[in-house]
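Novice: Each chain is listed here by its residues.
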Amino acid sequence: MALDVTIENLSFWFGRQQVLKNVSLRACQKEVTALIGPSGCGKTTLLRCINRLHDLYAGASVAGKILIGEENILDAGTNRVELRRRVGMIFQKPNPFPHLSVFENVASGLRLHGLAYGRSLRERVEACLRKAALWDEVKDFLDRPGALLSGGQQQRLCIARALAIEPEVFLMDEPCASLDPVSTMHIEELIKELQEEYTVIIVTHNMQQAARISRQTAFVLHGELVEAGPTAELFVHARDSRTEAYLTGKMG
Amino acid sequence: MPDTKWRLVKSFVPEAVCRLAALLVISVLFLILYYIFQRGAGVISPAFLTALPTPVGVPGGGIGNALLGSLVMVALGALLAVPCGVAAAVYLDQNPKSRLAAACRFASRVLTGVPSLIVGLFVFTLLVLRTGQYSALAGGIALAVMMMPVITLSAEEMLRLVPNSWREASLALGASKKQTVLRLVLPAAAAGIAVGVMLAVALAAGQTAPVLLTALTSIFWPENLLQPTASLPVLIYTYAISPFADWQQQAWGAALVLVVMVLMLNIAAQLFIAVKNRRG
Amino acid sequence: MRREFLPLSKKIISAFVCLGLLLTLLPAAVAQARPITIEFDGRTVPSEVPPVIVGTGAGARTMVPLRVIFETLGADVSWEAATQTVTGRKAGNVISLVIGNRSATVNGSPRTLDQPAQILEGRTLVPFRFVGEALGARVEWDGAQRIVRIASTDASRRRSPLERELRLTTGGATFPNPLYQRLVHEYARITSPAIRIDYASVGSGAGIRGILGGTFDFAGTDAPLTAEQQAGVRPNEILHVPAVMGAVAVVYNIPGAATGLRLSPDVLADIFLGVITNWNDARITALNPGVRLPDQRITVVRRSDSSGTTFIFTDYLSKISEPWRTRVGRGTTVSWPSAGNIGARGNEGVAAQVSHLPGAVGYVELSNAILNRLNTVALRNRAGNFVGPTVEATTAAAAAADVGPLDHPTNSPGTAAYPIVGLTWILVHRDQADASEARVVVDFLRWAIVERNLEPFAADLFYAPLPQEVLNRVREQIRTINHNNTPVWR
Amino acid sequence: MEQIKIASPKRNGEGIFPFLTAAAAVSMLLLVGAIFLVVLWGAWPALRAFGPAFLFSAVWNPVIDVYGAAPAILGTVITSLLALALAGPLGVGTAIFLSELAPHWLKKPVSFLVELLAAVPSVVYGVWGIFVLVPWMRTGPGLFLESRLGFLPFFQGPSIGVSVLTAGLVLTIMILPTIAAISREVMRAVPQDLREGLFALGATRWEMITRVVLPVSRTGITGALLLALGRAIGEAMAVTMVIGNANVIPVSLLAPAQTAASQVVNEFPEAFGLHLSSLLLLGLLLFMITLLINLVAVWLVYRTDQWSSGARQPGKLKGKGVAGHA
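Residue numbers (my numbering), protein chains in the order written: chain F, 1 to 252; chain S, 1001 to 1280; chain H, 2001 to 2490; chain D, 3001 to 3326.
Everything labelled a hint here was simulated from the structure, so no lab data went into it.
Using N, Cα and C, we set each Cβ at its ideal position, and we do this for glycine too.
Some, not all, of what chain D presents toward chain F, calculated at C-beta under 8 Å:
hint: 1; residue: H3104
hint: 2; residue: D3193
hint: 3; residue: E3196
hint: 4; residue: G3197
hint: 5; residue: A3200
hint: 6; residue: L3201
hint: 7; residue: G3202
hint: 8; residue: A3203
hint: 9; residue: T3204
hint: 10; residue: E3207
hint: 11; residue: R3211
hint: 12; residue: V3212
hint: 13; residue: P3215
hint: 14; residue: V3216
Excised from the complex, chain F in its bound form (with noise of 0.2 Å):
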C-alpha cells in the first residue's frame, strides 16, 4: 500500500536559524519524487522531517503540516516509532550495522518489531534481499559481516533492510553519492522498481539521476521550494530562472 505525502506551509527551525520556509510539495504514491538543489539549501533536512528524525535532537522545531494519506504525522500524538516503521530511509553513506551479519542485518527491523519468526523470517530475508537485486551475491555469505561487502552492496543491503518491515513510503537521500558508475545503475534500476509499490522521495545532486528516475522534481534553494513540476517539464521548460541558473550550471 502506497500513500501520498503531502508538505504544507512546511517551515523548519534549528535553534534561531531557519533551514526550512514555508514549503508545500506534493509526492505523490507510486512515483518517484526527487528533491535537487545546492548543498545546504535545506533538502535533506525536508527529507528527514519526513520521518521525524530531527526529533531526536535539541532544538529542532517545526511548524506547517506533512500529511502521510490522511494523517497529519506533525501532530503532537504521532507515534514516532509507528511513523518511521511506515518509513523507509536510505542514508548517503551506506550503514549496514558492522556488528551483524548480512542476514542479521535485513533481519533486524522484523526482529524489532516482532514481524516474522522463525521459517517465515528466513523467508522474508531472502525475499527482501532478492527484491534489493542482492540475493544472487549473497546467499553464500549470509552470516559474514555486513560491512564486508563493497559500497555498492552495502547500499542495496540497506535498501533490503528498509524493504523488509514492509514501509509505505521511501525517503532516499542521496543513495549514490558514494557509489561507483556501475553500484549507481543498480541502485537506480532498484528505485524505478520500487515506484511501482512505494512513495520514493529522493534528494540527489546529480541532476541527470533526478532526470532518469523521477517523475515529479522540486528545485529547493535557500530553505525555499522554488517548483516543482514534472520532471520532463522542469528539465526543459523551467518556469523559474533560478531553476534555469542551477540546471544549467550557472549556479550551485
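With chain F fixed as given, assemble chains S, H and D onto it according to the hints.
Specialist: Same frame as chain F, now just chains S, H and D:
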C-alpha cells in the same frame, strides 16, 4: 501496530534505571570531593604552601619542599617520557601491522597495569642500589616508566585520527616520511597528545610507592637532582599514618592540594582541546 | 554533522561551571588567626595566656606574659607592689619595669619602651623584645607563622663539626619517626647550615636493608639485626646504638565498663591466643574485683603491617607464655592465632579500630594510646605489681633490665617497671669510610643521645629517656666509631 | 587552516629517524622485560623454596619463614570481581546516560566531572574509605546484612566495618569513574548514522541502545572493564586501609581478609630474606595476572576484528580506553 506503546514503556524502564545509576554515581563521587575539600580547606594558607615541614610540636609547618619536589620529579618524568613515548607512538602509527608494533602495544598495556610498587622496586634495584643514592632523578625515572605507556597509547590513538589523505598529500609533494611526521602529523595531533601527556602527569603526581622507593623524602628544599627529595604523596602518606593531630590535619591539606593540582591539569587539558578544536 | 560539538565559548563556560561546582565545596577557607606561640631555642614554651599584639601598624608590639618570659630565660623575678615595679635578675643583668610606664632601667641605666608593661585580664604583659634582649637573648618575631622565637645567646650556636656541605640520608623505623624528625630539625638549626640530615620513615626492615645496601648513612630500627642479616658483615661492624625507649600499651574498648582494667601475663597471652574469648571470662573477672564486665565477645586488633611494635609485644608474650612461644613466636609480623582477629595499618589504625569497635583489644605504642585517649591495661609485672604504661615505668624497666644489650628490656624485674617496653636503636657503621661523614654522624649521636638533647623532645612525644647506665654504654659505643682505625670522637 | 610547510629539498637524518622511533618502541618491550626479570630475580628464592605450592598454601608465617599466597590471591580475586560486578553495570549505565540520555546542557559538565574524578589519586579514595565508609558499613549495611542474612556463610558476622565487602565498595568507587569515562568516550564514537539507521527502522531509544550502541562499542567497553579490573587488582593503598588485613581465606564478605597488593604494601617495609622474596613473588603474581588480563583483552579485540573487520570496525575504538584513563 498495537505493541509499539508497550515497547515504549519497556524502553522507559531501563532508561530510568540508567538515569538513577548516573545520579547515584555522580552524587557519591561528588560527596567524596566535598569531604576532601571540607577537611582540607581549613589548613591551606600561603604559608602552608611555601614553608618547609616541621616536626610534631613545632607549629607552622608547610609543604613547600614537597610541592616543589613533586613538581620537579613530575617534570623530569615528563621530560623523559614524552619524547620516548611519542616516538614509540610514531613507530606504531607508521608500522601499525608489524610484529614489533603489536608487541610494543601489548607491552604498553601490560605496563599500564603493573602495580606502581613494582615499578618503584624496579628503579630502586637498578638505580638506587647501584649508586647507593636516593635521588630526585631516580624518582623522575620511576615516574617516567609509569607515564610512558600512557603517553604512547594515547598518542597513537591521536596520530591515527590524522587523515591518511593528509599524509599522502605531503608525501606526494615530495616530503620525506620524517618531514611528514615532524611537520604535519605531529603538529596536527598535538592537542590530543598534549591531553594524553597531562593525564599521564596527573597519574604520576599521585604516586606514593614508586617515589618513596626512589626519591625517599627530605625536610629540606630540593637543590640538587642527585639528592633525596620530598614529594606530596609521600608527605601525605607519612603524615596520615602518624598519631599526631597537627600532622594529620596537614595531610588533609596536602591531599587537597594534590587533588586540586590534578584537577587543574585536567581542566587545562580540556580547555586545551576546546581551543584546539576551535582553531580546527 | 550531527555530533554536537559545542562552540568554544560553551566549552569554557561548562568548564567554569564545573570549577564553580568544585569551589562551592570550599567552606569559609579563611586561615584562622592562630594563637601566637613562644619558642625558646626551638622548643615551644607552654603558656596559659597566649602572647598578644598591642597597638597597630608600625607601633604594633608583641606582649608576652611576664612570668613566662622571665622563667624561660632563667631570670629571677621580684615584684614590688608599692611602686608597681617588676625586677628581673639574670647572670649579673638587672632589669626593672614599672607597670603602665614607658621608662625602664637596664643595669641601672634608663631606657624608653615603645609600649609600657601593662596588666591585661589579670596578667602582667611585657614587651618581649626589650626584655629578651636586655637579658642577653636573641629575639625574633615570625609574623607568617606567628611565633616568637627566643634563642639564648650563650648556648646559641654549637660549633659545627664541619664547614663544607654534607648531606646524610638516613631512615628506618617508623616508631621513633616523630622524635627523629624533631631531632634532625633541631640539629639543622644549631649546626652549620651546610650540614643536612634527612630521616625517612620507611620501616625498620627497609632501614636495615638501607644500611646494609649502603643507601643509608645510619638507620633506625626497632629490631636488632638477625643472624641472617648479620651474615654479610663482619662481627660488630654495625653498632646498635640505643636511642630512646617506648612502652607498648595494651588498649581496650569495653562498652559500659571499666577504666583501669588489670590483667596478668597469662590471661593477656590467652586473650591473644584466642583461648579467652569473652570479656566476662572468669579469669578476667577474678583479676578485676568490683569491675562490671559485660558479656561481650573479645576482638583482637593487631598490626597488619610488619612493625617493631609487634616485635616488642610478641617478644614479651613469648617470654611469659610457653604456648605463645611455641605456637606463635616473636617477629615483626606473626601469624595471629585468635579467630576473627583484625589487622589494622599502623599504630593509629589499631587505635582507631579499638576506639570504634566494642569489645576490641589491641596494642599500640604509648603515644597513640595517650593521644587517642584509649583505656590502657595495667599489667602485673615480674615483681607482682600492677603497673600501667607511663614514661617513668618505662625508664624503670630499662634500669632494672636483666637482658643483653641487643634485647628489648621486656618483662623487666624492676618493682615499678612496666613489662612491655622496647628500645629503638640507631644502626651505624663502626668503621666509617668517609672522614667528614663520620664526624657529622658522631657529632649528631653525641649531641642527641649522650648530651641528652633528645630528652625534652622525647618527653613531649611520650618516649622514655634512657637510664644512666645505658647512656654510659652508648658513650663507649660511639667512641669506637672510627675512620681508618682512628677514633672520630677525640 | 594554517599553512604547513612540507616539502624541503634537504632530506638529512631520514636514515636515523625510523631507527629512533623503532628504538623507542623496542625500549617499551625492554622495560617490561627488565621489570619482569628484576622481580623474578627477587622472587627466585621463594619460588625455589615453595614452588607451585605457594599458590595453594594458606600459611603465611614470617616467624617460621613459611609462606603461601592462597588467602591473598583469593582476597584479590573476590574483591576485584565484586568491584567489577558493582561498578560495571553502574559505570556503563552512567556512560549510557551521559552519551545517550542526558539533556544536552548536562552532558558536557557532568562528563567533565566524571573524567576529573577518574584522575583523582587512589590514596585519596582510601582515606575517604577509612574515615567515612568503614564506620558507615559497621553500623549501617553491615549490621543489616549480618542480622538478616547472617545465616548464610558469606554474610556471617560480626560486622566490624573493615571487610572484604568494604574493600570491594572502595574499589567500586575508585574504578567507577574510569569505567564511566571510557565507556562514554567509546559510545560517543559510535557513528551517528548507525543510530539513525536503527531509528529509521522504527526503534525506541532503548532498543537503539541495546541493538546498536552497546554491541558496536562492546570491545571498547570490555577494554574499559578490563582496565578497571586491572586497576582494582593492583590497587594497594586504598584496599589496605579498609580490608582489615587478616591473613585468612575469605569466607564471609563481612570478615577481614587481604589482597596480594595490600599484603605487599603492609609487609614490605619490614621484610627481609625469604619473607621479602615471598612478597616479591606476590608482586610477580600480580604482574602475571595483569599480563593475563591483557592477553584476554587482546584476544577479545582480535576476535571481534576477525568477526567484523571491514569498513567500519568497532575495533577502531580499542585503546581509546587507555588514553582516557591511565
